[in-house]
Amino acid sequence: MANEVLLDVRNLKTYFYTTKGVVKAVDNVSVKLNKGEVLGLAGESGCGKSTLAYSIIRLVPPPGRIVSGEIYFNGENILKYSDEEFRRKIRWKGISMVFQGAMNALNPVYTVGDQIAEVIMLHEGLTKKEAYTRVYKLLALVGIDPRRAYSYPHELSGGMKQRVMIAMALALNPPLVIADEPTTALDVVVQAQIMNLLKRLQRELKISIILITHDLSLIAEIADKVAIMYAGKIVEYGTAEQIFYNPKHPYTQGLLSSIPRLRGELKKLEWIPGVPPDLIKPPPGCRFAPRCKFRFEKCDSEPPVTEIEPGHYVACWLHVKS
Amino acid sequence: MSELKVFEPTPDQDTILYVKDLRTWFPVRRSLTDIIMRRPRRYVRAVDGVSFTIKFGDVFGLAGESGCGKTTTGKTILRLYEPTGGLIAYRPREILIEQFKEKGYEPKVVDQYGSIDIGKIPAKLLKPLRREMQMIFQDPYGSLNPRITIYEILEEPLLIHKIGSTREERYDIIAKALETVKLTPPEDFMFRYPHMLSGGQRQRVVIARALILNPRFIVADEPVSMLDVSIRAEILELMMELKKKMNLTYIFISHDLAVSRYITNKLAIMYLGKIVEMGETGRVIENPFHPYTKALIEAIPEPDPKNRAKLRQVPIKGEVPSAINIPPGCRFNPRCVALDSNPNLKPYCTRKEPPLIEVEPGHYVACWLYAKK
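Heads up: the protein sequence lines correspond to chains A and B, in order.
Mapping the first sequence onto the working numbering, position 223 (from 1) lands on 223, and the numbers just tick up by one.
Mapping the second sequence onto the working numbering, position 63 (from 1) lands on 63, and the numbers just tick up by one.
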């Protein structure tokens with residue numbers, strides 16, 4: 001795992017062409033992920049983090065469209081693939097996804113075993129019987145009694161449904177799994193169990209994970225690299241230690257000091273005044289400038305991405321050396 | 001061995017509200033076979049014997065996982081659900097008693113401080129109570145009528161309670177209410193519809209609506225859980241500021257112990273309809289006694305990457321059972337790891353409900369580990 005790049009997203013733009021105008025949900029985003037690493041993608045609702053994920057697995061719902069950019073997966077530009085080619089070669093076999101809201105992502109009229117088996121049968125042409133032997137293994141892997149394969153989703157608890165979703169994502173042994181808010185709507189105890197499961201699977205199967213969440217505490221639990229997104233752009237990127245111990249972008253700093261903590265000293269919570277911009281008409285220049293307490297003249301033009309220490313990138317004029 | 005002190009809600013000078021053995025059960029619909037077989041009616045025991053006291057100016061936290069009965073407790077206190085049993089004693093303002101008398105109803109006084117049993121007020125006569133007790137709802141996207149303007153949303157309670165006889169008077173009250181929740185200038189917000197506001201702004205409208213009748217007791221049900229992290233602190237700060245300014249007392253319902261830690265001064269942890277631990281917030285979080293509280297606290301992630309290498313060991317088994325079939329004895333016993341390491345307690349844990357006893361001054365726990373020593 002000598003820092004081999006698995007996924008390399010370059011200058012990706014995904015826009016939604018709505019009747020009110022073009023929503024620039026992902027606007028010129030570049031991000032890299034090494035083999036066997038976990039990337040935490042954090043940001044508030046509407047910042048484009050889920051759209052970035054959907055772009056990578058090419059499931060952007062209309063009227064959204066990938067406008068430009070490149071996505072290299074194992075060295076190949078998968079944006080060049082036709083839809084059919086992508087479906088056969090990449091989706092689920094190369095990159096799979098654990099969708100937000102496991103409660104509703106499963107089909108209520110099929111048993112969970114059938115739903116997992118379907119993936120295997122479709123992609124590998126196995127018979128149902130052959131597929132089921134793998135279904136049992138997958139369920140055991142995520143900590144569910146294999147006999148539960150014959151259960152319908154309503155017979156399972158929220159935590160178990162989420163485990164089924166994870167089993168389904170692992171069905172074809174993909175090197176990369178994208179987990180989009182895998183624990184929202186789950187209680188803290190179940191959340192901790194799911195996070196443990198992801199950690200264990202990541203180590204045992206040596207897979208890469210992109211974890212998308214608004215909760216920085218969850219990212220700290222598992223991520224090696226962290227990207228902070230704001231209004232369609234990545235504003236800061238670095239190792240978990242760099243981001244959590246030495247945040248440089250005012251937005252990252254604001255986010256971190258607004259998290260209520262359970263342990264340690266009871267410091268006054270901070271907040272970021274204002275609201276995120278409308279992505280149809282984002283402010284010119286730095287998009288965070290209207291809410292930023294360090295704003296100065298330069299912020300009217302777009303800040304370049306600067307490497308301030310090895311592997312730690314910030315898009316902020318405060319850190320640009322003239 | 002010293003005498004064990006079992007928690008008993010005892011009012012004093014400073015008590016604004018106390019509940020004693022509060023129960024809210026919802027009947028489960030019986031199927032035809034149930035009726036033919038004459039099976040007894042079953043109940044979801046959402047709140048099943050809850051007692052606590054709240055003093056003037058407290059922020060009393062109710063915490064626990066979904067389905068533990070924290071919201072039902074809050075709503076029952078406001079009489080949004082009918083209590084099945086127990087006492088809800090509230091110390092009213094003079095004016096409330098007068099309003100009740102005007103309607104020809106004499107509320108029952110239950111102690112020497114003049115508290116009245118609000119659980120027994122007939123549903124038809126509850127209106128005056130709404131001027132004293134209000135609720136802040138969780139979902140600012142769902143709790144505001146999308147078809148009327150903010151002005152109309154805030155005017156509604158004024159019209160219902162006949163406050164402000166002219167339009168001008170009401171306009172002034174609404175403008176002032178918007179100012180108190182910092183939606184300024186108020187003219188900018190009054191004639192907008194809810195969808196034109198951000199989540200944080202909407203939650204301010206929800207707060208303004210709760211406060212416009214000048215109440216003094218507020219049940220806040222997860223008021224920040226639907227908001228982005230970066231603006232939560234702003235709403236919490238506003239709530240604390242208004243509490244000081246208007247002499248409010250809050251019940252703060254939250255599943256998030258970290259948020260509760262910042263805003264509450266008392267904290268009660270609920271599990272399956274019962275309080276398992278209660279005390280000063282700081283003590284409960286730093287020095288939890290109940291195995292369930294310990295597990296909850298252990299499960300909460302911290303924004304610190306140094307925990308990354310290890311798995312988070314949460315000392316709890318299984319999943320929450322249904323509130324229809326509550327386990328006998330201590331309702332936590334099937335999930336308890338402390339019971340596994342203390343098998344001698346088994347006869348107690350699986351047969352008898354543990355009392356809520358004092359383990360240190362003002363800190364109560366319902367667990368046989370501490371009740372049987």
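Simulated from the structure, these hints should not be mistaken for lab results.
Keep in mind it's a predicted model, so treat the numbers as computed, not measured.
There could be a bad hint or two in this list.
To be verified - Label-pair restraints from in silico Cβ distances: (1) 245(A) <-> 286(B): 21 to 27 Å; (2) 317(B) <-> 274(A): 42 to 48 Å; (3) 145(B) <-> 280(A): 24 to 30 Å; (4) 328(B) <-> 65(A): 57 to 63 Å.
To be verified - Non-contacting residues of chain A with respect to chain B, defined by C-beta distances greater than 12 Å in every case (computed): (5) 13; (6) 30; (7) 63; (8) 64; (9) 85; (10) 124; (11) 150; (12) 152; (13) 196; (14) 200; (15) 214; (16) 263; (17) 283; (18) 289; (19) 294.
Beta carbons: idealized from backbone N, C-alpha and C, even for Gly.
Violated constraints from the hint list, given by number and in increasing order: Going through the list in order, the structure violates hints 13, 14, 15, 16 and respects the others.
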